[in-house]
Structure formats: C-alpha cells, structure tokens
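Throw the hints in and build the complete structure from the sequences for me.
Number of protein chains: 2
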Amino acid sequence: MEKPYAIGIDIGGTNTVFGVVDKRGHIIGKNAIKTSLYPEANDYADYLAKSLDEIINTVGGKQYIKGIGIGAPNGNYFSGCIELPPNLPWKGVIPMAQMLTDRLNLPVSLTNDANAAAIGEMTYGAARGMKDFIVITLGTGVGGGIVANGQLIYGHDGFAGELGHITIHKNGRTCGCGRKGCLETYASATGVARTAREFLTERADTSVLRDLENITSENVYNAAIAGDALAQEVFAYTGQILGEAFANFIAFSSPEAIILFGGLTKAGALIMNPVKESMENNVMNIYKGKTKLLVSELKESDAAILGASALGWEIKEF
Amino acid sequence: MEKPYAIGIDIGGTNTVFGVVDKRGHIIGKNAIKTSLYPEANDYADYLAKSLDEIINTVGGKQYIKGIGIGAPNGNYFSGCIELPPNLPWKGVIPMAQMLTDRLNLPVSLTNDANAAAIGEMTYGAARGMKDFIVITLGTGVGGGIVANGQLIYGHDGFAGELGHITIHKNGRTCGCGRKGCLETYASATGVARTAREFLTERADTSVLRDLENITSENVYNAAIAGDALAQEVFAYTGQILGEAFANFIAFSSPEAIILFGGLTKAGALIMNPVKESMENNVMNIYKGKTKLLVSELKESDAAILGASALGWEIKEF
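Quick note, the sequences are listed as chains C and G, same order. Going by this note's numbering, the first sequence wraps up at 321, each residue one higher than the last. Going by this note's numbering, the second sequence wraps up at 321, each residue one higher than the last.
Keep in mind that the hints were calculated from the coordinates and are not lab data. Since no wrong hints were added, every one of them can be taken at face value.
Just so you know, same-sequence chains aren't split out, so a pair can sit in one copy or run between any two.
Dumping the calculated DSS-like pairs for lysine-lysine here, alpha-carbon to alpha-carbon at most 27 Å:
{"hint": "1", "residue 1": "K183", "residue 2": "K173"}
{"hint": "2", "residue 1": "K94", "residue 2": "K293"}
{"hint": "3", "residue 1": "K279", "residue 2": "K183"}
{"hint": "4", "residue 1": "K94", "residue 2": "K291"}
{"hint": "5", "residue 1": "K65", "residue 2": "K53"}
{"hint": "6", "residue 1": "K295", "residue 2": "K183"}
{"hint": "7", "residue 1": "K295", "residue 2": "K279"}
{"hint": "8", "residue 1": "K173", "residue 2": "K279"}
What follows is the structure in structure tokens.
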C-alpha cells in the first residue's frame, strides 16, 4: 500500500505546530504545543511524540504515514540536528530527527524553519513557478529560505540562509546569537517591541504605548492602526531597515521575489510600504523595479507545516 | 571536424585580456588591449575584433574556434549585454556578445567577470570538487561569483553576485554605482588607495606615502612590506572590512570556501591575515572555523580567460 500521508512539524521559539498532510497538500488535521514549556529537549520530544501519536491515530495509525518533516530554527538538513539554537529553550546540538525516530519508529527529516517555509511557498504558495526567490520569516526571530536555480540553498554544512543574522548595524543591538546588530534584533516581533521601547525612552512625544507594562509587537500594531504616530514610526523604522537588508540580498542572489512570511506581515501596508520604498531606494540601478515584494499566500502556520511535510515525502533514513 | 579551441575574453576597467584555450584548459596564446583607451563601445569592439582575428589566425583560423566566452563587469548571461557598467568607459546597455558576433561571425556568450572567474576556479583552480563556494575578485572593482549546489547563481535576471555593491557603511564612501558605502569603495585596489589618502589626511604620523603625488594600491603594498606602519594599517583596515562582509556572505550561502582573486591578493599575509581574523570574529558560532579562506590557484589573468572560455564551449546562439 502506498502511504497516503506525511507529517509536517514547525518548531518555533514559542509554539510548535504540526499536522497530517495528504499528497495534494491538504492539511487533514493539526495541533500545537508550547515549545517554551520544555526546558529539557527530552521532555519536549516525549510530549511532542505523544501529541503526534494522537493525531496519527486520527488518520488510522502509523502504517498510513510516509514520513515526518521538521522545520526548526538552526535545523540542519544534513545531520538532522538542531544546532546551537539561539531562540529555543535548549542548548548545544539536539538530534531531534533521531529523537523522534526513536520514539515513533517513523523516518524523520529536518531543516531550517525558513527553508521549510520556502519549500511550502514554492509548492503551494506565492512562489509557484519561480526558480529564484527568497522567503523571509518575521516571527520571534527572523529567518531566510533561499531558492536559486529552482533549488533550496543549504550551503556546504546545511546552514545557508541565516538571514536574520546578517549584521545590519555594527555594534548595534545585542542578539540572542551572542553578536551585535543582527537584522533579527530589529525586524523580528521582539525587535519591533524593542524599537518601541527605545523610541519611548529617547523621545518625549505622547503615545498610548506609554501606559503599557510590557510592550509587544501586537500592542505596537494596534496603536499604529489606531493612529498613534510613534507606533507608526516604529513600523516605518523597521521597514526602512528591512528594505536596506533586502537591497543587499538582491545584490547577492537577484531573486524574482522576496516573500515575507510570519506574524509581522499582519501589519500590512504599515510595514510593506516602508519596506518597498526602502528596498527600491537602496538597490543598485540594475535591480530597480525588478524584484517583487510579496506576502505569503499561505495561512501563517500552514506554510511551515506544508513545507516541512514536503520533506516527509522524500525521506532519508537516519 | 570537432572544433578544438574556444576563446576566453576578460573585460576589465583598465585592461581586456583574451586567449585561445584548448579542451584541456591550456591557454595556447593570449594578448591584451587597453579598455580605457576606447570611450566608444563600437571603436572598442572594432579593435577587439581585429586583435581577436590576429590570435585566431595563429591557430589556423575561425574554422577551429567553437565559440567565444566573455567575462565583463555587469555582464548579463541571459541577454549577452553589458548593462550600466559603473567601471567601464561605456554608458547604458551594450550588446557586446552581438557586437562581436557581427564582427567575427562566431557565436559569443557573455557573463559577469567574477562569474567567469568562478567557473575557472571550479574547472581548473582552487574550487575543484567543491559544490558551494564564492569567488571574490579584488581588482579595479570588487565582484562576486557564487556557486551553490554545484551551479553558478545567476538570479532571475542574470545579475546575481554583485558582492562589490553590498552596502558596508550606510552613508559611507561614494561609489561609482551612484550609491554610498559599497564594499567596492573600501576593498578594491582603488579603495585601498582611498583608505591610504584618508589616513594621511586624518592622521599626523609619518609615512613614506606622504611623499607621493598619486597613491596607488601598489604604492601602499610596497610601503607596507618595507615596514611603513600606516601602510600596514591600511591593509589591516581593508581586511577588517572584507572579513565583516564575508561573515554576512557566509550567513547567506554558507560556502565551503571563499576564494580571493585579483591584484590585491598579491599583498599575501598583509591582507589575508586580517581578513581571516575579522571573518572568524564576525561569523555566527555555527559557522566558526568551517569556511576556508583561499587564494586563487590560477594565474591572475588566466582564471578569467579560462572561465570565460568555458562559456565558449557550451555556446548558445544570439
């Protein structure tokens, strides 16, 4: 019998979402657990395996599952390990593919979460038919999935596309990776909140954000659409920096499109307009007006599940 | 009869070098003309065609030539045009492949000079056997040729790899491309001379460079090996900036090696040591100690000729 389903898992700094996917890219069932509740990787793997078992049983059992694909920050396609993840609760090198194989007796393949999103966009989303594009994930962190000549770029060690850790400002904000000035410290959801706090400290103008204890990117978004000038400037600043970074990415791989994916894209024109303007202002003449700036056409969690599940179909055994 | 030779042409801002190459990568004969002497692209093409005819006759005539490959700044593989080149005497879009076909009645293919160098390194040089590497050309300008998954990255429009125009310092030095702070304004031969002039203006310490009218990168090199502290610091500064840029390139495509090519590599340890130190200091932990920093194993002009000639073998007609 040909096995009709694959499983896609997206491991994020806050949540882990997973689903059973059929060959046509329909998500048959999905669920989520809190990544941040498990400081020990073994406890996490135990609970994730248990949750996967439940969802596997809803489609009739393991005999119907071809394989499992995982998208995770710092996920290494070649080794099946999550290596030195700055935004996950675990330290060191976590052999997550092997850990799930041990628990579920199913083959597991693993890659970077942004690479998984890129595969999802290419197969089911905004990048259908494109051979050269970049997916940028704007969530708790910032990630990149780069496709050139129709192939995902893994690099010699499986770690290509760490676009959240391109240095934007020398001696800029301290990053979870231990360095300074990474794109992620400005353009992630946490980076947006950080910009808001900086603006409030440095400036004296009124803002509804001044009344809040802990500012989140959602607070900044809500304030901005309600007309708060400072909150709007936070998005303008974030978009300016993203556009500058994109101008450099374009000089590197000259993609047909840069596709934005993740929570921050919910801010719509508030973020997209300044990104577009900054990108066009900063690219070399030969690139002007040529690179499409798109938002993912897939539902936020689905793209990562679908992309990861695509790995599940063409599995290698570890 | 199978045609035994291809021609490789490297168009640089100062010189154009070209040669007849056999299938095993031996350069049978070569010659050069001064690019900068021809403000009109048509005059240049006339003279280049005449010079090519001479070298073609030395191997028995056109019937022995399979095709011509050209490496040129801003050369577009897809269109065969040199488009808006900042460091060449000509403005606009120059259909150089067609111009040579018209004059010589031979098929011509064209790409970026740095892409041609990358093909040369992959076929005959330091990148033999590698599937993921970057060649950086350090000459009048700075260029990049990026290979991932064993393939050259051209991008959707043929203009990938413009690594000399990655922005290094926002609002930094004015670049020939019309923007500011490009890597090329610091790390090219002219960038090195510019750094020396800046240091001499800003500082008061003695240096043999103070006695010179027009400082070139060769002057800086000669002063540095003679022990001139200021000249040595010019190379340290240049290496620091290159290493910072390479740390970002590594986050992008995670190459097995970065291969330096061109005039500036003659400075040897003076430039390579600070580049290596800066690169290792600036990369993310997951990349530390993994990327080889190499110098081209091909003779300076040969790599570009060989790389361009490789295009000549697998020609498409325009």
